[in-house]
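Please take these sequences and the hints and turn them into a complete structure.
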Amino acid sequence: MSAKISEFIDLWGADIWSAIIETFQMVGISLLISVLLGLPLGVLLVLTRPGKALDNKILFRLLNAVINVIRSIPFIILLFFILPFTKFIAGTTIGVKGVIVPLVVFTAPYIARLMESALLEVDRGVVEAYEAMGIKTRHIIWHVLVRESRSSIVLGLTIATIGLIGATAMAGLVGAGGLGDLAYRYGHLRYEVDVMYVTVFLLIVLVQGLQSLGNVMAARLKKD
Amino acid sequence: MIRLENISKAFQTGTTVTKALDSVDLNVEKGKIYGVIGYSGAGKSTLVRTVNLLERPTEGKVFINDVELTGLSAGKLKKTRQRIGMIFQSFNLLKTGTVYQNIAIPLKLTGVSKKEIDSRVRKYLQIVGLEDKIDVYPGQLSGGQKQRVAIARALAHEPEVLLCDEATSALDPDTTESILSLLEQINQEFGLTILLITHEMHVVQKICHEVAVMENGRIIEQGPVVDLFSRPKTPTTKRFVQSLFQDDVPESLVKKLESKGQIVTLSFVGESSGKPALALLSKNFDIYPSILAGNITQLKDQPFGRIVVHLEGEDSETKRAVMFLEDRGIFVEGYVPEVNAHVS
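Just so you know, the protein sequences line up as chains D and L, in that order.
So in my numbering, spot 205 of the first sequence is number 205, and the numbers just go up one at a time.
So in my numbering, spot 143 of the second sequence is number 143, and the numbers just go up one at a time.
By construction, these hints were calculated from the structure, which means they are not laboratory data.
Note that this is a predicted model, so its numbers are computed, not measured.
For each residue, glycine too, the CB sits at the ideal point set by N, CA and C.
Some clues are possibly wrong.
Said to hold, decoys possible - Derived pair list, reagent style DSS-like, types lysine-lysine, alpha-carbon separation capped at 30 Å: (1) D:222 / L:123; (2) L:30 / L:108; (3) D:52 / L:61; (4) L:108 / D:52; (5) D:223 / L:123; (6) D:52 / L:79; (7) L:108 / D:136; (8) L:115 / D:223; (9) D:222 / L:95.
Stated by the list, open to error - Label-pair distances were calculated between CB atoms; the ranges are: (10) L:13 / D:76: 42 to 48 Å; (11) L:23 / D:124: 24 to 30 Å; (12) D:121 / L:252: 55 to 61 Å; (13) D:58 / L:185: 47 to 53 Å.
Below is the structure:
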């Protein structure tokens with residue numbers, strides 16, 4: 001048994017390890033950029049609503065429409081659909097570098113929606129109390145809206161990250177590698193069932209771990 | 001201190017326009033506690049929210065300290081709002097912040113220095129009596145304690161005016177008492193002008209100097225609390241005063257008694273509530289007064305009494321008796337002159 005395991009590690013260890021690294025790179029970088037784009041978009045979606053601080057019907061509708069359009073497209077199609085855009089932004093359409101752009105385009109609107117619903121949960125009264133104290137809108141955004149919804153934000157980001165890991169499985173199609181690609185190419189196309197099992201197992205561990213981490217953090221941040 | 005001039009506010013829902021406020025004038029003098037009372041939907045919440053322009057009036061002007069708020073730029077308005085404290089029915093504290101943070105964060109955001117913040121938080125927490133809860137989250141506090149934190153948060157900006165939007169409506173009677181005492185204490189110690197709105201007559205009775213009664217977006221009666229209590233003019237005001245005195249006399253009894261004399265309500269204010277007017281009545285006139293219901297209560301600075309009395313006797317004697325009572329500063333309500341009382 002142990003001989004079999006060490007044989008497997010000798011044979012596939014390096015490939016699996018680099019796949020893990022690639023997945024982490026893709027998820028980490030695109031998550032970071034997606035949050036930087038998605039959080040402000042979520043805030044805009046909340047504040048441009050009728051009756052809110054930056055009430056702006058046109059911008060609100062435009063944002064909604066754009067986000068809905070992007071979110072309608074499955075990642076595997078989006079990946080190819082925006083190739084020219086990817087080339088323009090990243091200079092390449094292949095490898096980890098080439099897949100970050102579509103991953104961000106895919107994830108940022110999703111995060112914007114998750115942030116929107118998290119921020120909408122914040123008690124309107126607290127925002128009003130801060131307005132009554134003469135606090136600037138940008139301070140209210142950070143110190144009231146984001147602060148009060150941070151527990152929901154963390155849960156939302158956990159969901160988004162897990163969705164992102166799923167999307168990276170398709171990144172192999174543009175040669176970016178990763179765990180999903182490994183399972184597909186070796187496990188499926190080459191009938192190396194063991195590789196399939198191991199990568200699936202690793203993905204399960206990864207997703208479970210992330211969800212638990214997210215839950216613990218959200219619970220800690222929640223004070224009521 | 002606070003002056004509202006001809007304030008109107010219309011809300012549009014679909015095609016219908018509802019007027020929440022209709023040409024309201026209000027003047028609150030410095031250092032006073034001013035109460036606005038009304039049933040729900042009367043427009044009182046909208047009124048208090050127009051004072052700091054959380055609700056912008058469609059017409060009219062708001063002045064605080066002779067500065068016209070309605071004419072200020074957004075930036076200047078923010079600066080002015082820092083000098084107007086406000087507390088709410090639902091407290092509106094940050095759930096994610098400790099008591100300390102709840103008071104300190106707004107101070108930090110309005111540019112108060114770190115050292116100053118620390119001393120102010122401690123000072124005002126001591127005033128509201130919550131020094132020992134400084135590191136506790138609002139979730140672990142009772143309603144009354146949360147409102148105390150909210151009051152400390154408002155006071156920490158050292159405002160000139162405090163607006164209270166149904167501040168005690170979510171609290172139980174005992175806690176309401178203690179919050180009202182705190183507001184009264186703040187008013188006396190810091191000379192803070194307070195404008196509060198409520199639907200409870202009890203709140204007005206306990207701490208207000210002056211009061212306005214609202215109905216359908218209009219102020220229908222206003223003046224010193226004592227006047228309003230002793231001489232209510234409108235049915236709504238009468239109902240509010242009535243709510244404090246459980247002096248309803250059973251219908252069957254009224255019918256029976258009205259056949260031999262009149263039933264009147266006597267209101268005593270301050271001085272006159274100490275004298276034995278009723279006892280003198282039967283001594284001086286051919287009248288047999290019997291008390292059907294009665295109550296004496298404490299207004300902000302003086303006692304106020306109200307009794308329902310049946311006056312049995314001739315019409316002419318009753319008339320003289322009523323005049324005698326009125327001469328002694330007693331307000332008589334319900335007396336009908338010149339009716340032929342059916343004396344048996």
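Evaluated hints:
no.	hint	result
1	D:222 / L:123	holds (28 Å)
2	L:30 / L:108	holds (28 Å)
3	D:52 / L:61	holds (23 Å)
4	L:108 / D:52	holds (24 Å)
5	D:223 / L:123	holds (25 Å)
6	D:52 / L:79	holds (20 Å)
7	L:108 / D:136	holds (12 Å)
8	L:115 / D:223	holds (27 Å)
9	D:222 / L:95	holds (8 Å)
10	L:13 / D:76: 42 to 48 Å	holds (46 Å)
11	L:23 / D:124: 24 to 30 Å	holds (29 Å)
12	D:121 / L:252: 55 to 61 Å	holds (56 Å)
13	D:58 / L:185: 47 to 53 Å	holds (51 Å)
Checked against the numbered hints given earlier, the structure satisfies every one of them.
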